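Chains as they are written, first to last, in UniProt numbering: chain F, 1 to 206; chain X, 1 to 206.
Hints listed in this document are in silico derivations from the structure and should not be mistaken for laboratory results. Some hints could be false.
The list treats identical chains as interchangeable, and a pair is accepted whether it falls inside one copy or across any two copies.
[To be verified] Below 20 Å or equal to it, Euclidean Cα-Cα: the simulated DMTMM-like pairs (lysine to aspartate or glutamate) are:
(1) K148 - D15
(2) K23 - E55
(3) K160 - E170
(4) K160 - E85
(5) K160 - D15
Quick caveat, the model's predicted, so the values are computed rather than measured.
Below, each chain spelled out in residue letters.
There are 2 protein chains.
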Amino acid sequence: MTEQKATNVHWHEGDIGRAERGKLLGHGAATIWFTGLSGSGKSTVAVALEGVLHEQGVLAYRLDGDNVRLGINRNLGFNAEDRAENIRRVGEVAKLFVDCGAVALSSFISPYAADRDKVRALHEEAGLPFIEVFVDCSLEAAEARDPKGLYKKARAGEIKNFTGIDDPYEAPANPELHLHSDQQSLEEEVEAILALLRERGIIPAA
Amino acid sequence: MTEQKATNVHWHEGDIGRAERGKLLGHGAATIWFTGLSGSGKSTVAVALEGVLHEQGVLAYRLDGDNVRLGINRNLGFNAEDRAENIRRVGEVAKLFVDCGAVALSSFISPYAADRDKVRALHEEAGLPFIEVFVDCSLEAAEARDPKGLYKKARAGEIKNFTGIDDPYEAPANPELHLHSDQQSLEEEVEAILALLRERGIIPAA
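Construct all of the structure, not just a fragment, from the sequences and the given hints.
So, in structure tokens, the structure goes:
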């Protein structure tokens with residue numbers, strides 16, 4: 001660093017790392033990876049959790065179809081290869097947010113265990129917390145909800161390779177948290193996640 | 001939102017937006033897009049700026065070759081198509097960070113005006129601030145520095161399509177800021193950016 005000439009600029013030696021950003025923000029960081037069938041309630045839980053975290057002063061950011069599929073992944077379709085690349089890119093972006101000090105909330109069906117495990121490995125290799133939350137819901141309940149009318153279209157053959165209909169959903173074997181959105185209330189789901197985040201020291205005790 | 005049962009959870013109605021995250025963080029957000037020749041000093045300025053912003057309580061995050069080329073863009077090479085896709089993805093990621101409330105510092109050569117202009121449009125369409133900083137430096141000065149020994153390799157023909165040697169660098173026509181890294185000190189460069197950020201209300205007055 002050259003001699004300081006500027007009057008009111010406090011120079012910082014070296015790179016700013018995750019620990020320093022954590023001190024600035026006053027909380028820890030993690031990727032919370034919601035996985036589950038379409039209509040299982042992933043986004044509902046993520047939106048509610050984001051709101052509660054924000055009220056607690058925690059910087060949280062959701063990655064979902066709206067800002068990812070229409071943005072960085074706009075050049076990807078829904079074949080197997082593109083689905084894998086979709087999840088890979090979301091995982092890489094989530095990792096950057098965690099590195100930046102935020103709690104990243106990813107809500108994608110992410111039906112294949114191998115793709116999710118790669119994202120987990122990506123985080124763990126870098127020493128970044130990865131919390132897989134299985135938003136479990138029976139196909140019957142998800143299909144009965146059908147918030148976007150997608151199951152109807154899949155049953156009518158208008159959508160191919162639809163998870164749960166003609167494409168598999170591989171349930172997580174060892175998720176950090178297993179929610180049952182067809183049996184638990186939204187409050188219970190959010191409380192369960194908050195409890196885990198507190199337990200792991202990612203957010204301050206209530 | 002269903003009835004509140006949880007004891008100490010403050011629910012938040014609706015999505016958390018950029019304005020609310022800005023209130024939480026206490027500052028505005030923007031993408032600062034550094035462009036210039038290899039060796040022009042983009043990363044040096046970005047690292048120094050990140051440190052100064054951090055000392056001022058501003059959440060800043062650098063996107064560069066280390067965390068992007070080896071992460072989300074690890075499946076991209078250096079041909080024209082891949083270079084364009086590289087910049088597109090970085091632009092989309094930077095946009096997400098701005099949406100999250102951070103000051104994103106992108107330092108890539110980004111030699112083609114069309115690619116940079118697409119990133120600018122991406123931000124402007126979404127009402128997000130985009131600040132293009134041209135880190136101008138003569139080819140002679142950049143080549144004399146050659147911090148990574150890349151010019152030497154390019155001159156020896158070991159690297160093809162190297163910007164400034166056998167691939168063009170298209171200087172920005174109307175950058176928000178035009179730095180001259182072969183004439184200004186690092187302090188002067190950082191001060192110029194801070195002044196612009198203050199002027200635009202992105203960071204609080206000193």
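Hints and how they fare:
Taking the shortest Cα distances, K148 and D15 sit within 20 Å of each other only across copies (19 Å), while inside one copy they are farther apart (45 Å). For the homomeric pair K23 and E55, the shortest alpha-carbon distances inside one copy (18 Å) and between copies (11 Å) are both at most 20 Å. Taking identical chains as interchangeable, the C-alpha atoms of K160 and E170 lie at most 20 Å apart only when both belong to the same chain, with a minimum of 18 Å there against 45 Å between chains. When the C-alpha separation of K160 and E85 is checked against a cutoff of 20 Å, the pair qualifies only within one copy, where the shortest distance is 19 Å, while the shortest distance between copies is 28 Å.
For the identical chains of this complex, K160 and D15 are neighbours neither inside a copy (48 Å) nor across copies (31 Å), given an alpha-carbon limit of 20 Å.
Of the numbered hints given earlier, the model fails hint 5 alone.
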